[in-house]
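Visitor: Sequence:
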Amino acid sequence: MPDTELFALLREMVLPLYDAHMGIGAGDTGGFGQSRPGTMIPGPGLDRQAQALVEQRDLAGTRLRTFANGRNGCARLPDGTKPRVT
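Here our numbering is used: the first residue of the sequence shown is 1, the next is one more, and so on.
Just so you know, these hints were derived from the structure itself, not from any lab.
Keep in mind that the hints are not guaranteed to be accurate.
To be verified - Simulated DEER-style distance windows between Cβ atoms:
1. Q56 to G80: 13 to 23 Å
2. G31 to C74: 25 to 35 Å
3. R63 to R11: 36 to 46 Å
4. T66 to M1: 40 to 50 Å
5. G43 to L9: 25 to 35 Å
Here the structure is a predicted model, which is why all the values come from computation and not from measurement.
Think of the CB as a built atom: it goes at the ideal place given N, C-alpha and C, for glycine as much as any other residue.
Take the sequences, apply the hints, and build the full model.
Guide: Take a look at the structure:
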């Protein structure tokens, strides 16, 4: 089966799942990824909004310690409970 046909077949299988965690990378043939309709795809802007909300609402102004280029973070909660990962 040529690469283009295999890619088309795999894309057709994955398409109905609407799963943002699933993607297909096929080099020169192309790539495919999607999210559930109506869902905002995460990116730097959404990450900053989420971090600001968590720091204000849950951490009483404490800054998150971030990892993975800011995509993950943790901090000790104001009442001393164990770190929360966003």
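Visitor: What hint numbers does the structure not satisfy?
Guide: none
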